[in-house]
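Protein chains in written order, with this note's numbering: chain A, 1 to 206; chain B, 207 to 412; chain C, 413 to 618; chain D, 619 to 824; chain E, 825 to 1030; chain F, 1031 to 1236; chain G, 1237 to 1442; chain H, 1443 to 1648.
One or more of the hints may lead you astray.
[As the list claims (entries may be wrong)] Under the rule of at most 20 Å between Cα atoms (straight-line distance), these lysine to any residue pairs were calculated in the SDA-like manner: (1) LYS220/B to SER1395/G; (2) LYS838/E to GLU482/C; (3) LYS220/B to TYR1398/G; (4) LYS1250/G to ASP933/E; (5) LYS1104/F to ASP1386/G; (6) LYS1044/F to TYR1604/H.
[Stated by the list, open to error] From chain D, some residues computed to sit far from chain E (all C-beta separations above 10 Å): (7) LEU634; (8) ALA643; (9) ALA658; (10) LEU737; (11) ASP768.
For the record, the hints were derived by calculation from the structure and aren't laboratory data. Glycine included, every Cβ here is placed at the ideal spot set by N, Cα and C.
What follows is each chain in one-letter form.
There are 8 protein chains.
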Amino acid sequence: LRQGFPEVIFGQGKNLAQMRTIIAALLAKGGNVLATRVSAAKGAKLKETFPQAVYHPDARALTIEQHPVELRGKGKILVVCAGTSDIPVAAEALLTARLMGNEVEHIYDVGVAGLHRLLARRSALAEASVIIVVAGMEGALPSVVGGLVDKPVIAVPTSIGYGASFGGVAALLGMLNSCAAGVTVVNIDNGFGAAYAASLMNRVHR
Amino acid sequence: LRQGFPEVIFGQGKNLAQMRTIIAALLAKGGNVLATRVSAAKGAKLKETFPQAVYHPDARALTIEQHPVELRGKGKILVVCAGTSDIPVAAEALLTARLMGNEVEHIYDVGVAGLHRLLARRSALAEASVIIVVAGMEGALPSVVGGLVDKPVIAVPTSIGYGASFGGVAALLGMLNSCAAGVTVVNIDNGFGAAYAASLMNRVHR
Amino acid sequence: LRQGFPEVIFGQGKNLAQMRTIIAALLAKGGNVLATRVSAAKGAKLKETFPQAVYHPDARALTIEQHPVELRGKGKILVVCAGTSDIPVAAEALLTARLMGNEVEHIYDVGVAGLHRLLARRSALAEASVIIVVAGMEGALPSVVGGLVDKPVIAVPTSIGYGASFGGVAALLGMLNSCAAGVTVVNIDNGFGAAYAASLMNRVHR
Amino acid sequence: LRQGFPEVIFGQGKNLAQMRTIIAALLAKGGNVLATRVSAAKGAKLKETFPQAVYHPDARALTIEQHPVELRGKGKILVVCAGTSDIPVAAEALLTARLMGNEVEHIYDVGVAGLHRLLARRSALAEASVIIVVAGMEGALPSVVGGLVDKPVIAVPTSIGYGASFGGVAALLGMLNSCAAGVTVVNIDNGFGAAYAASLMNRVHR
Amino acid sequence: LRQGFPEVIFGQGKNLAQMRTIIAALLAKGGNVLATRVSAAKGAKLKETFPQAVYHPDARALTIEQHPVELRGKGKILVVCAGTSDIPVAAEALLTARLMGNEVEHIYDVGVAGLHRLLARRSALAEASVIIVVAGMEGALPSVVGGLVDKPVIAVPTSIGYGASFGGVAALLGMLNSCAAGVTVVNIDNGFGAAYAASLMNRVHR
Amino acid sequence: LRQGFPEVIFGQGKNLAQMRTIIAALLAKGGNVLATRVSAAKGAKLKETFPQAVYHPDARALTIEQHPVELRGKGKILVVCAGTSDIPVAAEALLTARLMGNEVEHIYDVGVAGLHRLLARRSALAEASVIIVVAGMEGALPSVVGGLVDKPVIAVPTSIGYGASFGGVAALLGMLNSCAAGVTVVNIDNGFGAAYAASLMNRVHR
Amino acid sequence: LRQGFPEVIFGQGKNLAQMRTIIAALLAKGGNVLATRVSAAKGAKLKETFPQAVYHPDARALTIEQHPVELRGKGKILVVCAGTSDIPVAAEALLTARLMGNEVEHIYDVGVAGLHRLLARRSALAEASVIIVVAGMEGALPSVVGGLVDKPVIAVPTSIGYGASFGGVAALLGMLNSCAAGVTVVNIDNGFGAAYAASLMNRVHR
Amino acid sequence: LRQGFPEVIFGQGKNLAQMRTIIAALLAKGGNVLATRVSAAKGAKLKETFPQAVYHPDARALTIEQHPVELRGKGKILVVCAGTSDIPVAAEALLTARLMGNEVEHIYDVGVAGLHRLLARRSALAEASVIIVVAGMEGALPSVVGGLVDKPVIAVPTSIGYGASFGGVAALLGMLNSCAAGVTVVNIDNGFGAAYAASLMNRVHR
Ligand SMILES: Nc1ncnc2c1ncn2[C@@H]1O[C@H](COP(=O)(O)O)[C@@H](O)[C@H]1O
Ligand SMILES: Nc1ncnc2c1ncn2[C@@H]1O[C@H](COP(=O)(O)O)[C@@H](O)[C@H]1O
Ligand SMILES: Nc1ncnc2c1ncn2[C@@H]1O[C@H](COP(=O)(O)O)[C@@H](O)[C@H]1O
Ligand SMILES: Nc1ncnc2c1ncn2[C@@H]1O[C@H](COP(=O)(O)O)[C@@H](O)[C@H]1O
Ligand SMILES: [Mg+2]
Ligand SMILES: [Mg+2]
Ligand SMILES: [Mg+2]
Ligand SMILES: [Mg+2]
Ligand SMILES: [Mg+2]
Ligand SMILES: [Mg+2]
Ligand SMILES: [Mg+2]
Ligand SMILES: [Mg+2]
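Pulled out of the complex, with its shape left as it was, chain A reads as follows:
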């Protein structure tokens, strides 16, 4: 099952000792390892134990590639978000998608309140096989992207915002009610899950 996929650890709520034990066990299996939700501090400590590890600060993730990632997806997975605050979630999706054997690309500077920047990237949208759109606040970006393409769009709400954003609920509801067909949704801040689903889609009829 899941050939070519890395072993994945959900780092949140696990202490260093637990992380070390799990990583060592997974390495022993011989595959690549991806640990998500790893703080910079924890990442630094883990690098002491596993010198071959790479910590990705933008994605708050740690990877150990015991062998080169084999390309298994057929097309390209594109990750889109509007700006600084959503980057951690977008970068988690991008890193996951790459480690799962996909060609990846990202656009991090487009938002619904500045359409020209998005419209300027239409060719990138057109070339992708699957698009992951990460957005906080009102979560409108997936609808706009979904209206521009005929590809599966996976929407990831983020917990970015304040007040009536309710920790990502406003964005989540916006995405579930998207007026653009072809949009499906994952949990708030779940960049990993979006990339996993996108990887499966990118292998359909490979």
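Fit chains B, C, D, E, F, G and H with the ligands to the known structure of chain A by using the hints.
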């Protein structure tokens, strides 16, 4: 106070007898009368009593203009919505704005999942002094419009949708979290309130 | 864009006159027509106007196929649900997927409280390219199915249930928190949206 | 009343001084003592005062057994959970059940997205008199277990998860809407309460 | 599995034709039949088809006993509620428990705002093996009953109330937060589920 | 207005400098001063500035009595709660009521799951003019007390609890849905507000 | 207990037969009878059975006064609301208060958006012993009234409004967060409960 | 676009390095800079890098005025709030409005529970072109202000409060349900957004 504004009745939850008494009393004051949230059936009955009344089925409203509406607002109020289901709320806003002495215009066929139609109307957006944007489902239209103009945008969420739209809550939250500055929000389905506020804005520095 | 897709009408909240006008306009374009959320009564009336129409009571939908549906998706889309109450949503998904040019199959009698029936259908799960799982109440079926396959799973919560099901919210939350990776979610009762997204996935790398 | 049950202290929100006073008073009564929701730090301090105390880090609990626990329940209470994160709640249930005079057993590594591991333990399920199922995220495990057995199943939602798990609400709703009959539910993270209820069930017709 | 239990149909949302087909199929299996959530009108129609059926207006349920119910539970199941409005749910629980082979008893006139009536029935509480407590509004009765006995108490919130009762949510939350240990909870209005769980408890160590 | 009432400061969110300025200003007016929501640390610092101040750790409040409290209420105000965790709120109510010129009494060890302790205090309940009942978790105590007396009962929900207590919401809803007439409710943790209202009631017809 | 209070029936959800039985039983006890939440149709039918009954359409209530109401409260209870839509709840409160032996008065035409009307009635506010304030929508009236008087204010939120009023929740929250001390709150639409509590307050120190 | 408006940075969630980079880039464009949601500590550090910066502790904001603010709005923007706790949000609005080229004024000591103070400032209300009303707790102030003037009122709910204020939700709902026409609403604590919208309104027909 409120010179040139019509007398307004909130028709919902009032029976015919109550409506008749209130309308008669307001007519006696000499001004124009606007009754919102009036069903077609109730409207027909009221026209029997007040033959000079006009029923507006799209806006679910009834008006009696005892004298011509005097133009009091300085610029134009534009009402924008995405399609069929939101029209009742948009039309209530449009009718209210006109009766309150404003030049009005509307665009009823633009949505975030079909940007080209909206972009084709940029000159209309540019000419308006105040823009009312009516939207249900994910409520993303005000953000997109707000990104295109430097005018006050009043966002009206509608109760249109199903499932996780929660009777307009998804649209309301989307609008409150708009990433476009300059957007303010009124209650779900409150086309009247949006037009009233827009009228006040259109009289500032008249 | 969207070659081979039918024109689709969301029937809910539209009256007969509106339906007739829209259907006539769409027929004039020459393509197939799908109207969802159409009651039996409305369906019967529409068949009087459009004798070539077929009403699908299980899916609460009406179709007019002006020409044979051309197969455009490469693999099979499988629709899974647990029983009687979820069938309307599942059937809407199945019908939509077929009209969008996909080979389709369905399993309507498997639930998480009777695992043997689901496990007996593992080969059907294995043969599908994309799986749509429809579930109300606690919405656990997509997690179980997602754990058995390495295909994209689209989860559709339904409003079936009572009390603390809150009109589908319990199922929706269950699906968003699925412990099986590869599951993405659409709005409550949105069988159409699930099938549309599945069709796009089934065309990736066609 | 409640013969053979230990005295129980809910440690959360109580400071060291308060804990010491209460424990001393309860010891004076002569019975065994169980303190739940006790942090490791607080536990260490309490062991200084009460050297006979045992701190259970997995269950975040402290016990003082002044006399051997007398077996009062007739059958076995089985505690089931899916993995690492839910163990604190499961261990609180297990410890409580043991101290209340029950034979206990646990299975900590089964989840709905990996059914084979659960199915491999069917004989353990069959041998239990009462089963406590602890689960976070979508909370689907009690339904699956409930479908496999004809014993009372007590479901304990945990606050484990993020985003739309809403601190255990998603799991709670999933359990309340369980499609498997025979499942009853306690408060989020209430391992103690589940074990207490299970103990009462295990004494019925003893 | 589940020897001596009747076949059960959840009547809500099923039409007459569906009900007839299912009942006929179940009768053919030879066991007793219980249909819950059956309106008086539907019940009358079903009696025309199945003359041996009995309709229970208080429980909104229909039963067909093809052979006498065999007593399988060892002790007595007691159903308690506070008054008129909660009786439909209490009666559903009582009827279900009886058909599942239990000796049953009920107390329908005790509430937390009139403690003397409850206290007058302490011997009935003491004699029961399992107690089902049905309550709407603030849902406090299970806590009071749970404080008086050392038996498993199954709490059933009802949707009775108005305003901030939110269709049973207030009662549900009250019960989940019960300060009396030994209380477990089922879904709002789920008298059937409570009785099913109680029957399993009443067979433990039979 | 409000003769004989102390000046009151809501200490939460105010820093030491702000507190000092306000207290000094109020002292200058010559009346007594009550500051609620004052941490022990802040209280100690304020005592350095105002040596005549008294800090009440149980109530988390600070008082400065420049002259003896004059008795203005006619009867007695009784404050009831179930145990340790609710005492801070109960003590805030008790202190406020005393400073507002009322004879006060308290019962801090009665709960709905141990009715005998409450029933043993019926004469105290009978002697009070107004009763404040403080309760967290399921918030059932006001209903039980309200059923025993014919006095105004003011219910104060507390934020004590975990999981589905939702920071006091479960208790609040329980109290709003109380089946005992004569119960009114204040905000979660608002011991001050309850005592203020009770003081007004205790002066009616003085 | 409760001398001089009428017997009260909560009419909602009771059918005619049930109402007749209960009313007859209460009449037999010799006291006055009050039935709240009685529709006009049901009221008319009950008058056929009980010709001495009076139906109060504004309060949706029915009364049978077997003997004159004895004045038991010492001061006056004043009921305040803003306008037409809240009158049913206000009138229920007024009628209940009168039947419970209080002198009553009402002001039905004051709102926070037209302060002059409220300020014009300050003497009426000053003369009351207890004030019941009924308000829907944003529920701000109790705060304003509470700021003008030093009497107990009982706030009754109503379910009047639409959109984000959420059936009275917005008003309820507004009242619970009132910045005017001395305000206590009852359930949404609970005019009866407010009057019952006000009656108890009006008897304190009688 | 937006001539004369400063460049604005949302400081929350950005670290010092990010802030420095962005500010330097904006300064290079030559305009004025406004950074909101900047803590005192971060503000002090930024002043080291940008000595010309001014930190505004009341507004938690930092400004760098490279050239004098040019007056672009025609009338005055008035910011109103009730007291100490809401000042940070009010001050953010005031500072933003000034930097956007408006004449500004503020009233910080008026509340609905002390109407006389508000009524004493009616001339200031009358002179403003646009009024921003900032309020926490029950959020009633905008309704009262809106009832006194015929100007656009922008309501800003704040997260101030506790218990059932739910972090500003109670105030937000109160404002959305305002019974005074002409009130529009922005997100909780969004002083910046209110001032931005007010600035656009103050330029209409300039
Ligand atoms: N960021 C993430 N969000 C959600 N799920 C994740 C994430 N990272 C890993 N996972 C899932 O968590 C599983 C590992 O969980 P654990 O055994 O708790 O480390 C993986 O197999 C993934 O399915
Ligand atoms: N559609 C509407 N939505 C909200 N408020 C309205 C609406 N129509 C009228 N109103 C307001 O309702 C007031 C009249 O209320 P009423 O006295 O109940 O008829 C008017 O002055 C308006 O402020
Ligand atoms: N982890 C727990 N969760 C819920 N209730 C508990 C827990 N531990 C103990 N309790 C209950 O808390 C009571 C003691 O509460 P206290 O007097 O506050 O220590 C015990 O009798 C138990 O009923
Ligand atoms: N614990 C409390 N909870 C709610 N309101 C309080 C509390 N303590 C004081 N108050 C109110 O807060 C007012 C003072 O607020 P402030 O001016 O912010 O100190 C007093 O007049 C009281 O009405
Ligand atoms: Mg698309
Ligand atoms: Mg703009
Ligand atoms: Mg899978
Ligand atoms: Mg079972
Ligand atoms: Mg008990
Ligand atoms: Mg009472
Ligand atoms: Mg007052
Ligand atoms: Mg106004």
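Right, here's what the structure says about each hint:
A C-alpha spacing of about 15 Å is found between LYS220/B and SER1395/G, which places the hinted pair at or below 20 Å, so the restraint holds. For the proposed pair LYS838/E and GLU482/C, the alpha carbon gap of about 36 Å is over 20 Å, so the pair is violated. A C-alpha spacing of about 14 Å is found between LYS220/B and TYR1398/G, which places the hinted pair at or below 20 Å, so the restraint holds. Distance check on the hinted pair: LYS1250/G and ASP933/E sit about 16 Å apart at the alpha-carbon level, within 20 Å; holds.
Proximity of LYS1104/F to ASP1386/G is assessed by CA-CA distance (about 16 Å); at most 20 Å being required, the pair is judged to hold. Note on LYS1044/F and TYR1604/H: the hinted pairing holds, with a Cα-Cα distance of about 14 Å set against a maximum of 20 Å. The Cβ of LEU634/D sits about 24 Å from the closest Cβ of chain E, beyond the 10 Å cut-off, so the non-interface label holds. The Cβ of ALA643/D lies farther than 10 Å from every Cβ of chain E, with a closest approach of about 19 Å, so its non-interface assignment holds.
With 10 Å as the threshold on Cβ separation, the claim that ALA658/D sits away from chain E holds: the shortest Cβ distance comes to roughly 25 Å. A cut-off of 10 Å between C-beta atoms confirms that LEU737/D is not in contact with chain E; the least separation is 16 Å. Consistency note on ASP768/D: stated as away from chain E, yet its beta-carbon is not over 10 Å from all of that chain's, at 6 Å minimum.
The structure shown violates the earlier hints numbered 2, 11.
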